[in-house]
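Novice: Listed here are the chains, written in short residue letters.
Protein chains: 4
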Amino acid sequence: MKEKKSEQGEGVVSHGVFKLDTGADPELDTMDLNIETLGEAKIKSPLTLNFIKGDEIAAFVRDDERLLYDASLRNHRKYVERGQEPPSFESAGPREMIYFDPTKVKVAMVTCGGLCPGMNNVIRSLVLQLWHRYGVRSIFGAKFGYQGFVSQYQHPFIELNPEFVADIHQQGGTVLGSSRGEQTVDEIVDSLERHNINVLFTIGGDGTLRGAMAINEEIKRRGLRIGIIGVPKTIDNDIPYVSRTFGHDTAVDQATIAICAAHVEAKGAPNGVGVVKLMGRHSGYIACKSSIAMREVNVVLIPEQRFEMEGEKGLCAFLERRLASRGHAVIVVAEGAGQGFFHTDSGKAKHDASGNLKLHDIGVYLSDKLKSHFKKIDVPLNLKYIDPSYIIRAAPANSMDAIFCNNLAEHAAHAAMAGKTGMVVGLWYENFTHLPLSVATCNRKVVDLEGDLWRSTVESTGQPTKLRKE
Amino acid sequence: MKEKKSEQGEGVVSHGVFKLDTGADPELDTMDLNIETLGEAKIKSPLTLNFIKGDEIAAFVRDDERLLYDASLRNHRKYVERGQEPPSFESAGPREMIYFDPTKVKVAMVTCGGLCPGMNNVIRSLVLQLWHRYGVRSIFGAKFGYQGFVSQYQHPFIELNPEFVADIHQQGGTVLGSSRGEQTVDEIVDSLERHNINVLFTIGGDGTLRGAMAINEEIKRRGLRIGIIGVPKTIDNDIPYVSRTFGHDTAVDQATIAICAAHVEAKGAPNGVGVVKLMGRHSGYIACKSSIAMREVNVVLIPEQRFEMEGEKGLCAFLERRLASRGHAVIVVAEGAGQGFFHTDSGKAKHDASGNLKLHDIGVYLSDKLKSHFKKIDVPLNLKYIDPSYIIRAAPANSMDAIFCNNLAEHAAHAAMAGKTGMVVGLWYENFTHLPLSVATCNRKVVDLEGDLWRSTVESTGQPTKLRKE
Amino acid sequence: MKEKKSEQGEGVVSHGVFKLDTGADPELDTMDLNIETLGEAKIKSPLTLNFIKGDEIAAFVRDDERLLYDASLRNHRKYVERGQEPPSFESAGPREMIYFDPTKVKVAMVTCGGLCPGMNNVIRSLVLQLWHRYGVRSIFGAKFGYQGFVSQYQHPFIELNPEFVADIHQQGGTVLGSSRGEQTVDEIVDSLERHNINVLFTIGGDGTLRGAMAINEEIKRRGLRIGIIGVPKTIDNDIPYVSRTFGHDTAVDQATIAICAAHVEAKGAPNGVGVVKLMGRHSGYIACKSSIAMREVNVVLIPEQRFEMEGEKGLCAFLERRLASRGHAVIVVAEGAGQGFFHTDSGKAKHDASGNLKLHDIGVYLSDKLKSHFKKIDVPLNLKYIDPSYIIRAAPANSMDAIFCNNLAEHAAHAAMAGKTGMVVGLWYENFTHLPLSVATCNRKVVDLEGDLWRSTVESTGQPTKLRKE
Amino acid sequence: MKEKKSEQGEGVVSHGVFKLDTGADPELDTMDLNIETLGEAKIKSPLTLNFIKGDEIAAFVRDDERLLYDASLRNHRKYVERGQEPPSFESAGPREMIYFDPTKVKVAMVTCGGLCPGMNNVIRSLVLQLWHRYGVRSIFGAKFGYQGFVSQYQHPFIELNPEFVADIHQQGGTVLGSSRGEQTVDEIVDSLERHNINVLFTIGGDGTLRGAMAINEEIKRRGLRIGIIGVPKTIDNDIPYVSRTFGHDTAVDQATIAICAAHVEAKGAPNGVGVVKLMGRHSGYIACKSSIAMREVNVVLIPEQRFEMEGEKGLCAFLERRLASRGHAVIVVAEGAGQGFFHTDSGKAKHDASGNLKLHDIGVYLSDKLKSHFKKIDVPLNLKYIDPSYIIRAAPANSMDAIFCNNLAEHAAHAAMAGKTGMVVGLWYENFTHLPLSVATCNRKVVDLEGDLWRSTVESTGQPTKLRKE
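Chains as they are written, first to last, in our numbering: chain A, 6 to 475; chain B, 6 to 475; chain C, 6 to 475; chain D, 6 to 475.
Looking at chain A on its own, in the form it has when it is part of the complex:
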């Protein structure tokens, strides 16, 4: 796993609220953006669409409809000069010809990793789309993530149909259950073979999608015809070349509640300080956006930017000045921020069952450090620490995420039926796209410290550009 920052994929933040960096990504020129298929699509789609204009009936999408990676005029000109075709993504949508016979295809889906608002919406819309639009009748859910494909756990498949999923979108979490932890690719593919599964939808984050890539490789090695379609799930919104992932907006919404509480607590006591820890292992999008939405935050700390506690330019000194002038303060810290404070001699980082880096608790660390600092300088401090994590991620999807999940699922179903594989459904410039798994997992999208989002964050908090000596 390379942890390198994507300098260009960044900026690509959720639904159009921040300016996109218009510089083309040199890496993308060398990547294969074509989508694998299981074979020729020879079956007429049961969807009653067409290509006629003006009949008030929607159109199918052709495989050669593609969307530029970079829509800046500068990029257009650059490729014109070069005489090359610019990088572009395949457009998602219903195809006129499909690969699988809907009456025979057997479909499975699985949800992996931490909970995220909207998982049930994706499951529900996948089932409804496959059942009602395509007429698929064999739809199964694997229980508790990839464990559901491993015999030792003895989790039976759940049979999915419209009745089963009717009301699930009203609850947070996932009716299929989830789990962390790698499972043997061999066992999973054995299970897919044994159950005659033709399509597997994997709803999960970076680790899950890398797992899906490995499964896809094994499927090809065995010469099987099983489609692997990913729906990227990351509450942190850190999938590269995907401008928005589901659940992220809801998380920002929910996070504002904790910030509001921190603000009320901070104002309610002499030298009151509210510290809120929010999600964001590698990318501080939730911290930045919820802070801008509330505008009551005085410092935002994100994984993308190193900061110092001590020294004239450090956090403690800034907080001293803020309290001296205003008497209260709110600090928002993303969980992945300040991990440098925990580096040890051994230098070995720990990982959890999903292969995610185990993070030290920066919220507790910050709170302790601030308390001891103010004790040392003999200034009273009323610090209240709030860690709302599960409350945020267990929430049901808000309206915008509900719509978004519905669309993601529809496009995932279209791609699967058309015989696409080894891909995820993405969003780019407000259009749904097909993205190879290899591209979606090539790095992580992070907040551009020279981009609009960070500038807006810093402007709304009034914090210094950097909380450290140069």
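Be a bit skeptical, because a hint or two may be false.
Unchecked claim - Derived pair list, reagent style DSS-like, types lysine-lysine, alpha-carbon separation capped at 25 Å: (1) D:471 <-> A:49; (2) B:318 <-> B:471; (3) A:474 <-> D:58; (4) D:376 <-> C:363; (5) A:376 <-> B:318; (6) C:363 <-> D:58; (7) C:376 <-> C:471; (8) B:363 <-> A:381; (9) D:474 <-> D:381; (10) B:83 <-> C:363; (11) C:225 <-> C:374.
What the hints assert, rightly or not - Distance ranges between label pairs, derived from CB positions: (12) C:67 <-> D:175: 52 to 62 Å; (13) D:108 <-> B:106: 21 to 31 Å; (14) D:469 <-> A:45: 42 to 52 Å; (15) B:60 <-> C:67: 27 to 37 Å; (16) C:200 <-> B:385: 40 to 50 Å; (17) C:61 <-> B:49: 28 to 38 Å; (18) B:201 <-> A:175: 29 to 39 Å.
Said to hold, decoys possible - Some chain D residues well away from chain B (every beta-carbon gap over 12 Å; in silico): (19) 38; (20) 45; (21) 55; (22) 82; (23) 140; (24) 319; (25) 346; (26) 369.
Don't read these hints as lab results, they were simulated from the structure. By construction, the Cβ of each residue, glycine as well, lies at the ideal position given by its N, Cα and C atoms.
Once you have looked at the hints, place chains B, C and D on chain A.
Specialist: Leaving out everything else, chains B, C and D in the frame of chain A:
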């Protein structure tokens, strides 16, 4: 401070949702339930009320209107047999004759202790009632609790008027700020004298009201004419002889959000367990009620009932059985529960600045113990711990608390103008009452383990009556 | 149906936020407050309660536990003087001996009339209590109100069990459906007989309870042993001798949203006026309480008080003055207010299928009249009319109503199993009671124009005591 | 005003949830997309940004940074073939050199037309950005729309500063007030001149922006140097070449509450039908999106598609079939739908004070027609009609709209300070753009009946593609 349980004052839970224990309280027979006054009320109230029936104009309340402590028929009969008058509380309400000249009276208010939904509503309604109904124009707020009366802190008084308080009820917390920590009674009374304050409204909990009692004693010792009117503030709802305190309902409402998240997390993972720590230092009302409201909780642990972790009847064994049969569980624990686990040889309990017992973190203790127990028996456990505290208490009041706070404040204003002192405004049998400070602080109201609330809680969770060997 | 106002039952407002009128009700002295039973309760209750004190196990309730109608000291003295026993209500709660064999009893429930928050909570808790605590296994729901018992409609019974009701409390409305319209008592009792129903729970309002009374009479006439237990459902909170009905608090909560919108609209335009019509056919509780909760309302109009549009003391003139001084205003009108404007010569009022008086639309009337008045005097007016009715009543119960519904249902189940009949479960002085159907339907509870609620309303709006010439 | 539908600007729906039509717009090739300026920007911006990469400091935006109108690969190729430059929009953002001296510039802002969530957020962020980032100290708000510039109304300017706007974003509506109705352009420009206003921000919809264009023409005619910057405000999201307008997401969110109530009502009665009227004068975006978010809707009717009541393919017949099979239904109708039913011989449409077409009430019409139809065929119908309009538009902005408004305002401030004029701030492909007023008002964006949104809507409701005979 005596920590003894009130056997009868209990049952007296928030707004009528649980049966009241009808046994009369032997202690109350010996208590003085009369309200002190500063002197004879000789001024005609500016309120345009009267005693005429049928004119669609509300009535004044007479000082001899009183409400029975115990409304059971059995109690009526008992006192009839004894030929005695049963214990009763003075009714709150506007008096025809008042003590203070509204144009001259100078009023102060102070909020103390932890935040609680509705504090701003009380402040606002006090100001509006005094200003608009009585015509009082000198209203001040002390900043940061009793600190506001102590010169070393240099917090200036805030001048309060309708414009200042116009929108404050939309925010949680208190615009006056609050603080913990005892301040010298002498200094406070010095300050009241120096500023010519005639009435002090203290909005605070058990410790604050005990402080108010000491202030009142000092005032009397000095022969001053300063009224002390308390508005009891306890999110835990643990003031004796008061059936409901403001903010408590809102807290229950907010707590259900955390329980809901715990339930979603528990169902989302194999052997998922959600643990939620809620407020309740001595009294488990919030834990019980929010669990009944949600009905997704499997164990509620409250300070009133001792429980054991180990043994066949202990919590671990219960959880083993629950997970074996259902695969997930939700545990709600009040912060004051299980404090016996932390008793040390020294036996010395610690107290915070307000004189409240410092509690050990039972939520973290429980989570650690459960994790190590299941590790020992080699059963996988996915435990998620949620501690929403500040999010709950920093919320703005919901509609019912907003109305309730308004009424409390109105009655506090009426009592103050009538020259009452050394009292709090209470609620009993859906009627507002005047309660001597000595009665309101004589012990704590706790959940009756043989009452309706606990029975309903145990029935809704399905937990054993006791989680311990006899 | 007598429409007479209860002069004393009034004041009895929702959960303790307003002072109760302490005058005893002369009528009540003449009413029979005893509860009918189907026969001697000879079966030991399966509930593991007892009468032992100190064992942390809840107690059964004895039939002679009763609660005074009037808990004022004055009332106590009056009856002592008279040497009479004061009127009192039988306490609800689990009885040691029950009438029905839980393994054999067959139970039905029905929901009637307009939707109200909490109906599903009552259904759910009834089922859970009967099933899990008593071991009842034959529980049925009649579909669409009393229609469900009438063969022509061909609605089959719904079999109810814990799985069916698991999540229904998260939705508003009623899973059983509801309907208005009288059905023949004979047919209903025929159906009860034919299906061997032993207990019928009727969840409905005034009309439904009167229907239940007629059914009970017919049952007795036929010499049957069928229990009729009512759970009063009135969003308006207008059942006499019951201090609070479920759904009412939630309705107040929801109503504040509409008032808030009206306030925003009023302030957003020159001479902006927001008019909100709220529920309240005969009783203005929702209008009064939601107005106090929001404190942005300038006039509240309720059915209990006549008002005039024209004249110096009328609404139009008041609004002129308000707009001249402040530039905007909010008016809240209960749907039953001002019906006198619609009286015609024929004098014949119309009734809907439930026998409820058909109301004219006072909201539209008011809006039109105000518009034409201001047009006439050539003052620009920006009036926005909001009628949120279904949005309010279709909401799911809030936390407090959820708890309340649970308790009502538990007590209804206890009463039914004990062989009680011809009664409703009530709430009085924060205690659950048994009330004869005849008492619960004897008149309507209305806002006392000389009580605390109306005084508080008028004070918070600043409107004149009366909007009419004397 | 031309009312013509934009065939291509469509599809361009809110924040990336629906596929964009990739066909280039022939009209756009002929439009001037360049932005007017007041003169050369010669003053160094006070913002501490730069063009250095890697210093963690954000960059200025150059005037030649532009974004393609059409990011499809097909479009790229087309213009390559033609050897032309494709249409593109100027990028928004802070400029290195500005036109106005921040210490001397005098700025005004005005809000016009109907309320929309987020107006206060835009006002607040404009003030904060101008004040804190640029150091502007003369900021004024005109009261009640363009009336604020017309002397006869005598509305004084409001002086705006950070303290004044501190908490306004927590309320819906606009603190400046709004109004409809055209005012004389001459008078407005006179007022701008008289008050020495250098920049006017107009926050309003189609009519307001057309007004702004006229003002701009008059300013140029008089040779003045006054910048006119629009922030498009349309809850319906119908501005062409702008993919999203503020408040629209919040409106969709709020609309789901009404739909939910309709669903509960529909299921609660035999043959229950809930009819919800939503905003959408010309464009059905709110109706479509809220229906997809809820997925409980059975028919969506929008202005873009003609439908019939009668006939085998009409709405009545569809509803008959739906009720026969499922027993309940929910209909969502945009206010502008079905206006053809009201066409009269005179053919003269009426307009309101803002020049908007006066719509007939299609919700009431539908309800009446359906009731009479079912009466005629003697099928019982329980129809509940919900019209939540003001409740939706008076709501405060949700988190995403709060962030979006903040960004719009920041970019509007940057554009104004740089001396841009005659433009609005737009959003395109998730990037903020500058759009000439002439382009933003050239037509209306409508739902593409052959696009993704309508297809998704029809799929989620299960309604026929068309409710009419061909």
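Novice: Just to be careful, I want the Cα atoms of residue 83 of chain B and residue 363 of chain C compared with a cutoff of 25 Å; is the pair within it?
Specialist: violated, 50 Å
Novice: Holds or violated: 29 to 39 Å for the Cβ distance of residue 201 of chain B and residue 175 of chain A?
Specialist: Given a distance of about 59 Å, which is not inside 29 to 39 Å, the answer is violated.
Novice: Note whether the CB distance of residue 469 of chain D and residue 45 of chain A lies within 42 to 52 Å or breaks it.
Specialist: violated, 33 Å
Novice: Would the hint linking residue 474 of chain D and residue 381 of chain D be met if the CA-CA limit is 25 Å?
Specialist: OK: residue 474 of chain D and residue 381 of chain D at ~22 Å, within 25 Å.
Novice: If you draw a straight line from the CA of residue 376 of chain D to the CA of residue 363 of chain C, is it 25 Å or shorter?
Specialist: Holds, at roughly 18 Å.
Novice: Decide if the proposed pair is consistent with the structure: residue 225 of chain C and residue 374 of chain C, CA atoms, cutoff 25 Å inclusive.
Specialist: violated, 53 Å
Novice: Do the beta carbons of residue 200 of chain C and residue 385 of chain B sit within 40 to 50 Å of each other?
Specialist: Because 49 Å falls inside the window, the suggested range holds.
Novice: Would you check whether the claim that residue 346 of chain D is not at the interface survives, using Cβ distances to chain B and the 12 Å cut-off?
Specialist: Consistent with the label, residue 346 of chain D stays out of reach of chain B, its closest Cβ about 41 Å off (over 12 Å).
Novice: Within 27 to 37 Å or not, the Cβ separation of residue 60 of chain B and residue 67 of chain C?
Specialist: violated, 45 Å
Novice: Between residue 376 of chain A and residue 318 of chain B, does the CA-CA distance stay at or below 25 Å?
Specialist: Not OK: residue 376 of chain A and residue 318 of chain B at ~42 Å, beyond 25 Å, violated.
Novice: Over 12 Å to the closest beta carbon of chain B is the bar; see if residue 38 of chain D clears it.
Specialist: At roughly 44 Å from the nearest Cβ of chain B, residue 38 of chain D sits farther out than 12 Å, so the non-interface label holds.
Novice: Quickly compare the C-alpha distance for residue 363 of chain B and residue 381 of chain A to 25 Å and report which way the hint goes.
Specialist: holds, 23 Å
Hint violations for this structure: numbers 5, 6, 10, 11, 13, 14, 15, 17, 18, all remaining hints satisfied.
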